[in-house]
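There are 2 protein chains.
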Amino acid sequence: MGKLQLKGLGLMILGAALSSPPNLRAQEAHLLNLMPMPSSVEAGSGSLKIDGTFTVALNGHMDARLTGATQRFAERLAKQTGLLLATKPVAGLKATLMVRTDHDSKPVQELGEDESYVLEVKPEGALITAPNDLGAMHGLQTFLQLMTVSADGFAAPAVIIKDIPRFPWRGLMIDTGRHFIPLEVLRRNIDGMEAVKMNVFHWHLSDNQGFRVESKKYPKLHEMGSDSLYYTQDQIRDLIGYARDRGIRVVPEFDMPGHSTAWFLGHPELASAPGPYQIERKWGIFDPAMDPTNEKVYKFLDEFIGEMSKLFPDHFFHVGGDEVNGKQWDANPKIQEFIRAHDLKGNAGLQLYFNEKVQTLVSKHGKVMVGWDEVLDPTLPKDIVIQSWRGPASLAEAAKQGYRGILSNGYYLDLGWSAARHYAVDPMTDAAANLSPDEKRLILGGESCMWSEYVNEENIDSRIWPRNAAIAERLWSPQDVRDPVSMYARLHVISHELEWLGLTHENYYSRMLHRIAGPATSEEFEALKNLADVVEPVKDYKREETAPVQPTSETPLNRIVDAISLESRKAREFEELVDKFVSANCHDEAMDTRLRSQLTVWRDNDAKLQPLIQRSYLAKQVGSTSRDLSAVATAGLAALDALEHPGNADEAWRAQQLVVLQQAENQKDQLLLMPVGAIQKLVEAVAAGGSCSAAKQ
Amino acid sequence: MGKLQLKGLGLMILGAALSSPPNLRAQEAHLLNLMPMPSSVEAGSGSLKIDGTFTVALNGHMDARLTGATQRFAERLAKQTGLLLATKPVAGLKATLMVRTDHDSKPVQELGEDESYVLEVKPEGALITAPNDLGAMHGLQTFLQLMTVSADGFAAPAVIIKDIPRFPWRGLMIDTGRHFIPLEVLRRNIDGMEAVKMNVFHWHLSDNQGFRVESKKYPKLHEMGSDSLYYTQDQIRDLIGYARDRGIRVVPEFDMPGHSTAWFLGHPELASAPGPYQIERKWGIFDPAMDPTNEKVYKFLDEFIGEMSKLFPDHFFHVGGDEVNGKQWDANPKIQEFIRAHDLKGNAGLQLYFNEKVQTLVSKHGKVMVGWDEVLDPTLPKDIVIQSWRGPASLAEAAKQGYRGILSNGYYLDLGWSAARHYAVDPMTDAAANLSPDEKRLILGGESCMWSEYVNEENIDSRIWPRNAAIAERLWSPQDVRDPVSMYARLHVISHELEWLGLTHENYYSRMLHRIAGPATSEEFEALKNLADVVEPVKDYKREETAPVQPTSETPLNRIVDAISLESRKAREFEELVDKFVSANCHDEAMDTRLRSQLTVWRDNDAKLQPLIQRSYLAKQVGSTSRDLSAVATAGLAALDALEHPGNADEAWRAQQLVVLQQAENQKDQLLLMPVGAIQKLVEAVAAGGSCSAAKQ
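So the sequences go chain by chain: Y and D.
Counting along the first sequence from 1, when you hit position 487 you're at 474 in our numbering, and nothing is skipped either side.
Counting along the second sequence from 1, when you hit position 542 you're at 529 in our numbering, and nothing is skipped either side.
Just so you know, not all the hints are guaranteed correct.
Intra- or inter-copy, both count: the list cannot distinguish identical chains.
For lysine-lysine, the following DSS-like pairs were computed, each having C-alpha atoms within a straight-line distance of at most 30 Å [said to hold, decoys possible]:
| id | residue 1 | residue 2 |
| --- | --- | --- |
| 1 | Lys557 | Lys516 |
| 2 | Lys607 | Lys557 |
| 3 | Lys595 | Lys66 |
| 4 | Lys526 | Lys66 |
| 5 | Lys207 | Lys369 |
| 6 | Lys66 | Lys655 |
| 7 | Lys66 | Lys529 |
| 8 | Lys387 | Lys297 |
| 9 | Lys516 | Lys595 |
| 10 | Lys36 | Lys655 |
| 11 | Lys283 | Lys203 |
| 12 | Lys387 | Lys286 |
| 13 | Lys332 | Lys207 |
| 14 | Lys369 | Lys149 |
| 15 | Lys595 | Lys668 |
| 16 | Lys655 | Lys149 |
By construction, these hints were calculated from the structure, which means they are not laboratory data.
What you are looking at is a predicted structure, and each value in this text was computed from that prediction instead of being measured.
Can you build the whole structure from these sequences, using the hints too?
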């Protein structure tokens, strides 16, 4: 076996993927489709055949969780291959895949437990060895990703993988406050996390729009604050068990003192203004906040945190602490008097006072407090963990002060960023790069965040996946694994594999488009899909800013903006093709033909879509964008035509095309037309003075 | 409101769907998308808006089943529209949709109960009236189909529908013996049946390959005869309740005396040869049969039928009775001696003797016996029901003898027929058309049959749906509703609606193709899909006959033949286009362009698919068919080219093209290339003497 350094391997395979003959490519693509990429991969020769005789055996230390995981592994292998396999682990030493662990993992999974494993695949058999079941379970997931269809059956290539995570805290936060997310949706997302080796499910459980946990101590919390949409304690215990079986910790978050309107329906006495309160239906930052000056609030929280600390076994307990606008505090003379009397530094000082008291309670109940950026203050004990939504600078600052931190800035899945943009965010860059080794160790990892203003059970998977897998890789793989081209090639494969877990991020799309289309001919529906395939929702916080009517939790999420992918694969691939074409000085007939064929489809699409736009109020919302697509495709075709008649592409022509393109670049009905930039590149290249105009003359 | 006769309406709408301006079409498409088409539809003017204020109320006779059905209706309405709706039925008389029933239905649903309803939709509100909840539930399903997206929101068009089924027995049989089908799959298929107003789930529960019911009397039946894949009695009671809630009877079938190998693992003493027995893994007709001469067999069956009669409350009990090859009886001298001693007419007489005894037992336990064709004999009492797999002649013969019958011949879903071919089969045609009115009344309806040699939980939905909806219409709607073009237009819409029930007949496809493709570029995958979209599996019993290796229950169902649709929509639409083009003497530029564009994609497809064919053993199976597609598309393009150069399309050219087409028409790797016929039409039309060659000259 030749030892290949990971980075070299990635690059070599990548080159192969783009230009090598099919055979070589097929062989190496095997290795390419691991996500997260392991920390070390040595390619071997040959491969292990996977057929109906496949078996898996456990030996070494026996562990119930691992037995279950091994059976699930075999069931998934059977499902993904369509083979009839024995799914019960066998005993003894004769099996296709042996799994060997050395000792127990902790009963309650701990931060920083050893998650390493070694996976060795040879033509005669495969072996996973790991100190404990956490690593072994990761190894099973790697094996599933290694396995692929080959020219003579399913197989896993011979390989030695030695793998260990870069960060110990690799999380996904799901906000179940703003939209209630059913348990089955959480379960399938936890399956997805397991597949990409994430290990923390951060469960955002209360917010202005809903209090989602059954409290036996204070039942008015969920009874009055949830629209009857909450998780019972039995359900929560089940979910925690489900996550634990997959090597995933569950960290609950109860946001306080702000983001807490839903608490106050049942308990207005906790608030800083008298009430009564309604469940909030809008999105944003709101005034209601707990009253830090009221000793009864701490008595209540003591009981409540006590109850929840028993329900959630994890060592960490998230108290939110973000985005208190202070208006209720300003308006309450008693509170202002308290600030003066205690010599607190305004509202910030008051919140710090609150945080110190809450931290004491969390600590009293045996937990370590986690909070968003705002809780950071040197007066708090050093064991708390800061979750940074503000950015790496704030994370580095915390580390310098001796606090542990996790990065979420840059990982907000709801903002509609591309996978590549998330992927480029690294907890150790910027200010963090200059930290001392000891300070660096305080940066525990990161968490992607799925805030739920614009997601519900129907489209949430598509807002998390597949992009979350790129973030998972950032947090697991070595820092120098960062080539976005390789990432996209692998992400695409992983995305389809994730569908076997029941995640709906691929198949929700056709259903939502059919709802928008209503009864339609094949041609009409295809026209809708052609357009939808290359538009994305407006990014960052523009969804709210550009809304024609203020959206609420009662706004249906059935519009085209809810149905389309947050990242258009088709537009990205089109841009790649344009880039290659332009690099070749527009001198490549095959690429010319492909571009022309795509642009022709787009140019003619609006006419085909018109019947639907007339018939369906949901399709009507793409009307302007559909016209734009036609217009920019016409510009693109004109650019290709101009290659034959270079004299035509003069400055006036160029200016005229750019007007069309700039007009199309603006969002309409909250939709962004993604191919505009690539077509602009084409126009610029072709126009007088551009790289292609010169080449042609 | 203008009264429109159904047939006229269907035709008018159909014409509109093909050629009218979008507005008219959109309005009338509303009415078009009912399946089964009601017996009477009067169009009104305007429509009822469906938005977030939608409510539904029950009044008149109260019924728990109807309350549940109404809530499920509202939940489905919310799901299909994406609107946030109140899903609990409200009390009182102010609701968007009122549901009014007059009296109870039977606690155990009976054959021939009134299933009629009237649904009136006006812009101010809608009303369903029905004698009992069965009709009301059908009305709710019709309302769901009426509802559609419109230019200013979701709406149901104003209409008065008076509806009553043509036949009282409208069933779907699922064979859970050959492949075990999990309960959740059965449940979603029962939801599908409800949507298309089928009312009998015929549960084929035992066969040579498996005995699928827990028997507490004879536990060795399921313990030894099922590979641990069986339904517990609790699960069965649940499923019966689930079906009852949807107005669906459950008729169990225990096939005897043949098709019974799985019984004999635990009870070899029932068989006509000593055993021991193994669960059968192959498909076909096998020798094992119960011993009709053994009195202990009847004691056993008395106990067993008694137990199952309690478990299954329906009044009908199916005993199979088909396909006894008699070999075990021939080989057993004791049995032959018995035949002689009792003066029976050979093995047929022996089976009749068995049937009479079994009928007595079934009757003793309060049930009416149902059996396949073979059980028909004038010596049996007239209350038994004959299920005809042999054909309408055999059904008519039974009716003439005074026996009730249900037709299944022509409705075998596993044979891969087109929806149109099933749709053309009518229980009242052929010999049945000449029966007297009294005899005609004995024909109760029909049942589609899903035999499960080549289906499992992954692809079974796609083998049942959407074609089963066409059969459901045949059995519900008036006999003169039989236009296949209208049927296909509606079937396509219904098919997408059925996906909201969790049926996977649309979305399984992409997943299975991705398994076949393995890691692939967009272009490669699209090439696989382009091909897969226009191939169908070999028909009738050719799947077995053409198999390279004898298939068994252990053969993976992961091949392309398992993944593709049984009916290619793309090929059908292509053929429609060719027909229109040829009808226009090939003189239509727009159609010429569309044909040319499709044929070009097909011609170039094989080259794009080659990398996958090289890499994946599952994709390799389409290799020959892929080459054929390229070749026939080349012939089609040559035909279009010849329109410009008519001299080229001489007899020699024609003969040359036909060789290519005929070669491509033969199945390869069990795949049929569907566009061949349409391309042949094009070649014939263009060639010297064809309709287009004349027109051009």
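Evaluate Lys595 and Lys66 at a C-alpha cut-off of 30 Å and name the case that applies: within, between, both or neither. The answer is between: 28 Å across copies meets 30 Å, while 39 Å in one copy does not.
Please work out whether the CA atoms of Lys526 and Lys66 approach to 30 Å or closer within one copy, between two copies, in both situations, or in neither? between (37 Å within a copy, 27 Å between copies)
Given identical chains, is Lys516 near Lys595, meaning Cα to Cα at most 30 Å, within a copy, between copies, both, or neither? Both: 11 Å inside a chain and 22 Å across chains, each within 30 Å.
Between the shortest in-copy and the shortest cross-copy C-alpha distance, which are at most 30 Å for Lys332 and Lys207: within, between, both, or neither? neither (34 Å within a copy, 79 Å between copies)
Go through the copies and call it for Lys387 and Lys286: within, between, both or neither, with a Cα cutoff of 30 Å. Neither. Shortest intra-copy (34 Å) and inter-copy (85 Å) distances fail the 30 Å Cα cut-off.
With identical chains, the pair Lys595 and Lys668 could be close in the same copy or across copies; at 30 Å between alpha carbons, which is it: within, between, both, or neither? Classified as both: same-chain Cα gap 27 Å, cross-chain 27 Å, threshold 30 Å.
Pop the pair Lys207 and Lys369 into one bin, within, between, both or neither, using alpha-carbon distances up to 30 Å. For Lys207 and Lys369, neither the intra-copy (35 Å) nor the inter-copy (65 Å) Cα distance is at most 30 Å.
As a check of your reading, is Lys369 near Lys149 (CA-CA no more than 30 Å) within one copy, between copies, both or neither? neither (34 Å within a copy, 75 Å between copies)
From the Cα coordinates, with 30 Å as the cut-off, is the pair Lys66 and Lys529 best called within, between, both, or neither? between (41 Å within a copy, 27 Å between copies)
Measure nothing new, just compare the shortest in-copy and cross-copy C-alpha distances for Lys607 and Lys557 to 30 Å and report within, between, both or neither. both (22 Å within a copy, 27 Å between copies)
When no copy is named, should Lys655 and Lys149 be tagged within, between, both, or neither for a Cα gap of at most 30 Å? neither (49 Å within a copy, 45 Å between copies)
My question is about Lys36 and Lys655: at a cut-off of 30 Å on alpha-carbon distance, are they close within one copy, between copies, both, or neither? between (52 Å within a copy, 27 Å between copies)
Hint compliance for this structure: hints 5, 8, 12, 13, 14 and 16 are broken, all remaining hints hold.
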